Amino acid sequence: MYRGTTLEQSLVSFLKKRFPDADDVGIEDFQQIPGGFSRETFSCVAQLTRGGAQERLPLILRKDPPIEISILQTSRAVEHDLIESIRLNTGVPVSQSYGYELDPKPFGEAAMVIQRMHGNGNTSDLFNGGPDEDQVDDVVRHLCEVLVELHTTDITTIDPTGALSDPRGVGIKTTSWDDYIDSTCEYYISSYPSVAFDPSIMVLIDLFQTLRRTKPRALPLALVHGDFNPANFLYENGKVTALIDWENSRVGDPREDLGWMTTMDLLSNTRIMDHPRDKGGFLAYYNELTGFNVTAEEINYFNMFGTANIAVPVNSAISRRLAGEHHQLLHVYLVQSSIPALQAFSQQMNYPGAAS
Amino acid sequence: MGLIYAISEELMPNLSNPKAQATAAMMQSLIQELRQMVPVYDSYIVDEHNAMTKVLRDTAGALEGVTGASADAVRERAKTLGTLADVPAPIDREKVLAAHRQLGKALEQTIIDLDVLQRAGDTRGDVALDVVRAHLAPRYARDIATVVAGAGMIGRG
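Residue numbers (numbering that gives the first Met the number 0), protein chains in the order written: chain W, 0 to 355; chain V, 0 to 156.
Keep in mind the hints are simulated off the structure, nothing from the lab.
Treat each hint with caution, since some may be false.
Unchecked claim - In silico DSSO-like pairs for lysine-lysine, Cα to Cα no more than 27 Å straight-line: (1) K104(W) / K18(V); (2) K16(W) / K104(W); (3) K62(W) / K18(V); (4) K53(V) / K94(V); (5) K278(W) / K238(W); (6) K104(V) / K94(V).
Predicted model, so just to flag it, every value in this text is computed and none were measured.
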């Protein structure tokens, strides 16, 4: 078994503290994997020897990037508490979190270690002639049920300390629905000068102000996933085996998750929102289960509202890179996803002449 | 093109790490972006410069009869930046880039000023905002065609 170098050695030390009854701990198949834009992600298998028996634990190490190049600044401690709270208090399928390390010395930056769940993460296999097309209705039906459970669980059950009311510390208030929407719009608007790397992205200030002017009706606030999209769940045998990547989770309007999935469904060339077909699609089934009667117009609003939540840190990251604060390639590449989003906003706000 | 080819044929086959492969793919995408942008960038700047001066004038025109500081600010920009002469091509590049940026900033501020009117219930603010929006929509469509190379999803997993 390979004993590895620095990161792996730190991981072995971490696991020895986490499993003090283990006689021996080793790591194999340690490798970095693509895992989204905001964390560095590594996969491995830990081998524990306990009382003469060997146990294999598939693991994920999620490590923060250095703060100067960080796109989304959230706490691994908060994420750990959230995942464990969901795992222990709900039926929402999630990994087990084995813990976190906030001291940057062992791993270079704050990091957390979670269970690597079984299941297929290539959700494109469910669509477009993929090998698992026969499972799509069952998988998406279960995905909808999982989301409904998340949205209808009492917030204090999952977040007893209130850490998820404003996890980025940007002044969001969750004392009421109106306070939440108003304070979030103010955060977006006040962020604009720092994210506008060029005046050509002025559709963003138009978007933020339009969101403030055109609030829809209120719904009860809920714990939202915050990045509910086709790349963030695993499935197997017609069921969701895990909802993953909870770093953007927070107290919010449940329609934000529906809006974000709608956007990412389009960009990912999947059709999650069309299923389960026997229930008239994702939104119809969601409404059947919750009674919320969410409309397509509200989805459009929260599509923009949720995208703005990501647009602020992403465009801020681009802005810092173009100002020369560092030289990471990724932050220039992000322009490739930012530009289509700007056009999408112009279409959603019915700009004259914008193609639908 | 040679760079894109070299990345595909000489670099990527020797990369076993998925993260490194994703980085190489991003590099190809950015090089392709430059290939698309460089031939047209200067002409787009000229077009947009000349269109934005008109937008500033037309926005002010849509606010005829509207009083208040926000409307005054929009009209002031029409009288100053809105009267910049059209730029022909070929161009004094640095001068036009600076003016293009200044005009863009002026439109940004106009959007902010119009929001004040809209929130006060003045529907002429909506009409004026549509003038700005009508200018921006084709620009974003054109940016998609020239700046974007791929869906921007490499490395999302």
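Has the given pair, K53(V) with K94(V), been kept, meaning a C-alpha gap of at most 27 Å? holds (19 Å)
Between K16(W) and K104(W), does the CA-CA distance stay at or below 27 Å? Holds, at about 16 Å.
Would the hint linking K278(W) and K238(W) be met if the CA-CA limit is 27 Å? holds (17 Å)
Given the hint that K104(V) pairs with K94(V), test it: the Cα-Cα distance must not exceed 27 Å. holds (16 Å)
Please work out if K104(W) and K18(V) have their alpha carbons no farther apart than 27 Å. Holds, at about 23 Å.
Do the alpha carbons of K62(W) and K18(V) lie within 27 Å of each other, as the hint requires? holds (14 Å)
The structure is consistent with each of the numbered hints, conforming to all of them.
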